[in-house]
Amino acid sequence: MSGEVYIAGIGSTAFGRQPDVSLLELAAEAGRRALADAGIKPADVGIGFFANALAGKLFGDLTIGQNVFAALGMSRLPIANVENACTSGSTAFYLACLAVRAGEVDCAMVIGAEKMCVPQLGLLSSGDSELDTLLGLVTPASFAMRARRHMAEFGTTVEQLAQVSVKNRSHGVLNALAQFRSEVSLGEVLASPMIADPLTRFQSCPIADGASALIVCSESMARRLGARITVRAATLSTGNYDNPQDMVRWRTDREGVEKAYEIAGVGPADLDVIECHDAFTIAEILHYEALGLCPVGEGGRLVAEGVTALGGSKPVNVSGGLLARGHPVGATGVEQIVELTRQLRGNAGARQVHGARLGLAHCMGGDRAADTKSMTVAVLAA
Amino acid sequence: MSGEVYIAGIGSTAFGRQPDVSLLELAAEAGRRALADAGIKPADVGIGFFANALAGKLFGDLTIGQNVFAALGMSRLPIANVENACTSGSTAFYLACLAVRAGEVDCAMVIGAEKMCVPQLGLLSSGDSELDTLLGLVTPASFAMRARRHMAEFGTTVEQLAQVSVKNRSHGVLNALAQFRSEVSLGEVLASPMIADPLTRFQSCPIADGASALIVCSESMARRLGARITVRAATLSTGNYDNPQDMVRWRTDREGVEKAYEIAGVGPADLDVIECHDAFTIAEILHYEALGLCPVGEGGRLVAEGVTALGGSKPVNVSGGLLARGHPVGATGVEQIVELTRQLRGNAGARQVHGARLGLAHCMGGDRAADTKSMTVAVLAA
Amino acid sequence: MTGTMCGDVTEPAELVPGLVERVNGRGPYALVGSRCPDCGATVFPSVVRCPYCQGQPLRQGVGAAGSLYTYTVVRTRAPFGLPEPYAVGYVDLDGSGLRVFGLIDPAMADELTVGQRVEVGLMRLGVDGQGRPCLRPVFRSEHPTASEVGR
Amino acid sequence: MTGTMCGDVTEPAELVPGLVERVNGRGPYALVGSRCPDCGATVFPSVVRCPYCQGQPLRQGVGAAGSLYTYTVVRTRAPFGLPEPYAVGYVDLDGSGLRVFGLIDPAMADELTVGQRVEVGLMRLGVDGQGRPCLRPVFRSEHPTASEVGR
Ligand SMILES: [Zn+2]
Ligand SMILES: [Zn+2]
Numbered sequence: 080m081s082g083e084v085y086i087a088g089i090g091s092t093a094f095g096r097q098p099d100v101s102l103l104e105l106a107a108e109a110g111r112r113a114l115a116d117a118g119i120k121p122a123d124v125g126i127g128f129f130a131n132a133l134a135g136k137l138f139g140d141l142t143i144g145q146n147v148f149a150a151l152g153m154s155r156l157p158i159a160n161v162e163n164a165c166t167s168g169s170t171a172f173y174l175a176c177l178a179v180r181a182g183e184v185d186c187a188m189v190i191g192a193e194k195m196c197v198p199q200l201g202l203l204s205s206g207d208s209e210l211d212t213l214l215g216l217v218t219p220a221s222f223a224m225r226a227r228r229h230m231a232e233f234g235t236t237v238e239q240l241a242q243v244s245v246k247n248r249s250h251g252v253l254n255a256l257a258q259f260r261s262e263v264s265l266g267e268v269l270a271s272p273m274i275a276d277p278l279t280r281f282q283s284c285p286i287a288d289g290a291s292a293l294i295v296c297s298e299s300m301a302r303r304l305g306a307r308i309t310v311r312a313a314t315l316s317t318g319n320y321d322n323p324q325d326m327v328r329w330r331t332d333r334e335g336v337e338k339a340y341e342i343a344g345v346g347p348a349d350l351d352v353i354e355c356h357d358a359f360t361i362a363e364i365l366h367y368e369a370l371g372l373c374p375v376g377e378g379g380r381l382v383a384e385g386v387t388a389l390g391g392s393k394p395v396n397v398s399g400g401l402l403a404r405g406h407p408v409g410a411t412g413v414e415q416i417v418e419l420t421r422q423l424r425g426n427a428g429a430r431q432v433h434g435a436r437l438g439l440a441h442c443m444g445g446d447r448a449a450d451t452k453s454m455t456v457a458v459l460a461a
Numbered sequence: 080m081s082g083e084v085y086i087a088g089i090g091s092t093a094f095g096r097q098p099d100v101s102l103l104e105l106a107a108e109a110g111r112r113a114l115a116d117a118g119i120k121p122a123d124v125g126i127g128f129f130a131n132a133l134a135g136k137l138f139g140d141l142t143i144g145q146n147v148f149a150a151l152g153m154s155r156l157p158i159a160n161v162e163n164a165c166t167s168g169s170t171a172f173y174l175a176c177l178a179v180r181a182g183e184v185d186c187a188m189v190i191g192a193e194k195m196c197v198p199q200l201g202l203l204s205s206g207d208s209e210l211d212t213l214l215g216l217v218t219p220a221s222f223a224m225r226a227r228r229h230m231a232e233f234g235t236t237v238e239q240l241a242q243v244s245v246k247n248r249s250h251g252v253l254n255a256l257a258q259f260r261s262e263v264s265l266g267e268v269l270a271s272p273m274i275a276d277p278l279t280r281f282q283s284c285p286i287a288d289g290a291s292a293l294i295v296c297s298e299s300m301a302r303r304l305g306a307r308i309t310v311r312a313a314t315l316s317t318g319n320y321d322n323p324q325d326m327v328r329w330r331t332d333r334e335g336v337e338k339a340y341e342i343a344g345v346g347p348a349d350l351d352v353i354e355c356h357d358a359f360t361i362a363e364i365l366h367y368e369a370l371g372l373c374p375v376g377e378g379g380r381l382v383a384e385g386v387t388a389l390g391g392s393k394p395v396n397v398s399g400g401l402l403a404r405g406h407p408v409g410a411t412g413v414e415q416i417v418e419l420t421r422q423l424r425g426n427a428g429a430r431q432v433h434g435a436r437l438g439l440a441h442c443m444g445g446d447r448a449a450d451t452k453s454m455t456v457a458v459l460a461a
Numbered sequence: 647m648t649g650t651m652c653g654d655v656t657e658p659a660e661l662v663p664g665l666v667e668r669v670n671g672r673g674p675y676a677l678v679g680s681r682c683p684d685c686g687a688t689v690f691p692s693v694v695r696c697p698y699c700q701g702q703p704l705r706q707g708v709g710a711a712g713s714l715y716t717y718t719v720v721r722t723r724a725p726f727g728l729p730e731p732y733a734v735g736y737v738d739l740d741g742s743g744l745r746v747f748g749l750i751d752p753a754m755a756d757e758l759t760v761g762q763r764v765e766v767g768l769m770r771l772g773v774d775g776q777g778r779p780c781l782r783p784v785f786r787s788e789h790p791t792a793s794e795v796g797r
Numbered sequence: 647m648t649g650t651m652c653g654d655v656t657e658p659a660e661l662v663p664g665l666v667e668r669v670n671g672r673g674p675y676a677l678v679g680s681r682c683p684d685c686g687a688t689v690f691p692s693v694v695r696c697p698y699c700q701g702q703p704l705r706q707g708v709g710a711a712g713s714l715y716t717y718t719v720v721r722t723r724a725p726f727g728l729p730e731p732y733a734v735g736y737v738d739l740d741g742s743g744l745r746v747f748g749l750i751d752p753a754m755a756d757e758l759t760v761g762q763r764v765e766v767g768l769m770r771l772g773v774d775g776q777g778r779p780c781l782r783p784v785f786r787s788e789h790p791t792a793s794e795v796g797r
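Protein chains in written order, with the numbering used here: chain D, 80 to 461; chain V, 80 to 461; chain W, 647 to 797; chain A, 647 to 797.
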């Protein structure tokens, strides 16, 4: 990467049902916390990115980021509103890194927010005009079909799938910002209502209201602020959409990860802590395989053996992940990077991965032709 | 600007009512034309930006850019969807320039598209949740109030306002892509139905379906392609929102322009051709003043004297502008830059500004606290 | 209090509760914004945090009357069931000096001039997002008219 | 032709006209996509331009039957008035080799297995975006059932 980019500040609201807090106020609160964390003033920020996926559709609102940054006293700066489904936040982060690398600004701020706990939400899909949507492709079905195929090809069991939820819910207990803060047993996960065979409700991430913010800066500003977490890679890619797609050897996922590894000059063996897009249990298992944490087909065994739990050798989603933390779409991709920053600073409290030096955040969004529409990876180092 | 950015290719669809063409197909067609114009293959593009403002609200669609680029055979590249009200397209252009300047890619593509001629459109506003919207602030009213004040302070006349439409409609006759291709007389403009006093229908830009695309590239790639139009400045800013706002000495407008002049190292005297955001006649008059084409308060006189008409010394909106070309929101900011490129290449046919060497595109979007939410300026040179 | 029971008749609710209040509970209407005790900034409408210093502002009246900075009469299809035509404008409020946007009493639509005096009122005007009739703050002539609500 | 008059009864319209057609107008149903004469690519659904080479593709059947690559039974609130539960899957089509998403005959929901044979059909299933009953393409058992439409 030409021109090092650093993480200067992080901030998040709690995730969950927050009927009395507006989207604007959620987003502004995350932003305030990030400014305070960085120890900078609003005027120190040179550009702002706001990530949100659903407010246009749900509330008919536009150019929301300008309102958010104005509430923080940030005016006269460039602001862009970014949408990329579940990767909206991490796409905004990617663009913020570009702005610093281009020398356009010394300091960029990303705020991702979503308000989903509203009556008009309905089922999430890939877009109301898509043929697949009209033919009944709701998001859980998309991952349920991957799960069914994974089971058929590799003998993955429903218990292995459910173990992802058991693990991430146990992590969520340790995260004060998480939506679900209680453990669940394997039996409870499997006995919860079936959403789309073989995925039960407790294997599906909950919708949430929430916001997260990040401040990134140049090396010179990082030195001044004492910020020491660096962005070793920030990548964004889209699917290949080739037909047929192998739905359990996810080429787009693997290639996206490989590109980030190459840019960062690291491999799976180097990673100390990982946040990945566990919208559904099977997703985390597929991402293990794409990340090279285990051979293809062995993701179920990996989680069953405890390797990816806090205390294991490759802890994944120690924040609780989407399954326990909740999934306010625009915030998720930002919050993953916020969590890595906490871990790499050694500030993650009871869920700290001891000695974490290198972390990876992985996010995916949108569904098209059995592939993903968007994929991001960020690699951070202490 | 660190690292020169060049315009490598341009493409547009016609603007206007196109009930049988989908948003996807409009956008893809503009993209195809831009690729052909640049003489490059889809695989040569390193990153894609898609600009659209209304499809989430109108159609419930998300991550549309991925579908557009996929239709063009562009996969496995970073794609971001950008929204910034009327500046969505020029914001995407700004970000594309950053990506090239950051060294992330050699070549970036911007596609802006909107499909507005649909029954569910309703009146445009600044967002359904905004207090001002709930209190009846529709977009024409916002500019009508500026017009009323301009008339009260400076003696600007309704005839001067209407002259902007007469001029831009006469330019539109020369643009095969424009929605309105017939002249109108001053009397016809003034006699058309009143929308918001003193602005009549013919002083308000029409809604439209349409798409525009741009390909930008690095200097090395430009040399290979023979592209010679350079981006001397690409700026994005937001309002200051100070209260009280002087609604006829638009500080945000003036400061946004001054920033771009400073970056480009030029002033109003250097400009040969200008595209500005004439959503309403008064807007163009205000922008004359912000651009420094005339002293504050004298914009009405400037247009009445013919200075800004094709053949005048400071031709503005020779494409027909929004008033004649139409205003498909996501496409507008892109199309302005496309038009400048045509002019600076000397390819603008009957509306060519002879010897045009330096052009400026100016766009504004969103309304907040009597200020604009977003403003972009691009300065291009042959 | 408006927007609540008034004799036997239920008044419609305010569009956005708390935008206007009567001074001392029974005097003239005033628009209510926020004043920040830390930096002194006054804003309308009220906010949770001060945009200038992130201090915690206090609700405060920002003006009961003022002069019309500019206006227009909207003659297209009216949103939210507002009258056709309807008038809107920016008013420079006495006291706070804020320039605020608002509806103008539709009865005044044909007699508006820049600089004219107006006061804050509350009128039954249009519907809310759910289509229910509601009260909206308006600017009206300084001499109260029969259309006033809540006397 | 389905979706038009059929004796005295008006059949509902197809959700997306042209997704399926009968081979030779009266044979089995086939999904209809596009084949590009320039680069040979075959895609489903049909497109205006070839995504690989921007050539102008021709409409072409891409498969009347195939084997189930994967499936699920959706047991949440069903969109578009689909049955609860309803089944969907990806099918590897004979001939074109395309792997396509689609609804599965709800009668089969309890007996699905990866690899099983299915054929293309057209069923009255759910409603369109405007709430009108409509015909949707489905995958169903290779032996036609009573739920078939348009025989
Ligand atoms: Zn303050
Ligand atoms: Zn082809």
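FYI, nobody ran anything at the bench for these hints, they're computed from the structure. Ideal placement from N, C-alpha and C gives every residue a C-beta, glycine not left out. Watch out, some of these pointers could steer you wrong.
Here are the simulated lysine-lysine pairs, DSSO-like style, with alpha carbons at most 27 Å apart [stated by the list, open to error]:
#1 D:338 to D:393
#2 V:393 to D:338
#3 V:338 to V:393
#4 D:120 to V:338
Away from chain W, derived, C-beta distances all over 12 Å, residues of chain V [as the list claims (entries may be wrong)]:
#5 120
#6 139
#7 207
#8 208
#9 226
#10 252
#11 279
#12 280
#13 344
#14 345
#15 346
#16 375
#17 393
#18 425
#19 433
#20 434
Pairwise CB distance ranges (calculated) [to be verified]:
#21 D:264 to V:96: 53 to 61 Å
#22 D:210 to V:302: 38 to 46 Å
#23 W:743 to D:319: 53 to 61 Å
#24 D:210 to W:664: 44 to 52 Å
#25 W:743 to D:298: 25 to 33 Å
#26 A:713 to W:775: 47 to 55 Å
#27 A:788 to D:371: 38 to 46 Å
Hints, one by one, checked against the model:
{"no.": "1", "hint": "D:338 to D:393", "in the structure": "holds, 20 Å"}
{"no.": "2", "hint": "V:393 to D:338", "in the structure": "violated, 49 Å"}
{"no.": "3", "hint": "V:338 to V:393", "in the structure": "holds, 20 Å"}
{"no.": "4", "hint": "D:120 to V:338", "in the structure": "holds, 22 Å"}
{"no.": "5", "hint": "120", "in the structure": "holds, 47 Å"}
{"no.": "6", "hint": "139", "in the structure": "holds, 18 Å"}
{"no.": "7", "hint": "207", "in the structure": "violated, 7 Å"}
{"no.": "8", "hint": "208", "in the structure": "violated, 9 Å"}
{"no.": "9", "hint": "226", "in the structure": "violated, 8 Å"}
{"no.": "10", "hint": "252", "in the structure": "holds, 27 Å"}
{"no.": "11", "hint": "279", "in the structure": "violated, 10 Å"}
{"no.": "12", "hint": "280", "in the structure": "violated, 9 Å"}
{"no.": "13", "hint": "344", "in the structure": "holds, 34 Å"}
{"no.": "14", "hint": "345", "in the structure": "holds, 33 Å"}
{"no.": "15", "hint": "346", "in the structure": "holds, 30 Å"}
{"no.": "16", "hint": "375", "in the structure": "holds, 16 Å"}
{"no.": "17", "hint": "393", "in the structure": "holds, 27 Å"}
{"no.": "18", "hint": "425", "in the structure": "holds, 41 Å"}
{"no.": "19", "hint": "433", "in the structure": "holds, 40 Å"}
{"no.": "20", "hint": "434", "in the structure": "holds, 41 Å"}
{"no.": "21", "hint": "D:264 to V:96: 53 to 61 Å", "in the structure": "holds, 60 Å"}
{"no.": "22", "hint": "D:210 to V:302: 38 to 46 Å", "in the structure": "holds, 43 Å"}
{"no.": "23", "hint": "W:743 to D:319: 53 to 61 Å", "in the structure": "holds, 59 Å"}
{"no.": "24", "hint": "D:210 to W:664: 44 to 52 Å", "in the structure": "holds, 47 Å"}
{"no.": "25", "hint": "W:743 to D:298: 25 to 33 Å", "in the structure": "violated, 45 Å"}
{"no.": "26", "hint": "A:713 to W:775: 47 to 55 Å", "in the structure": "holds, 50 Å"}
{"no.": "27", "hint": "A:788 to D:371: 38 to 46 Å", "in the structure": "holds, 41 Å"}
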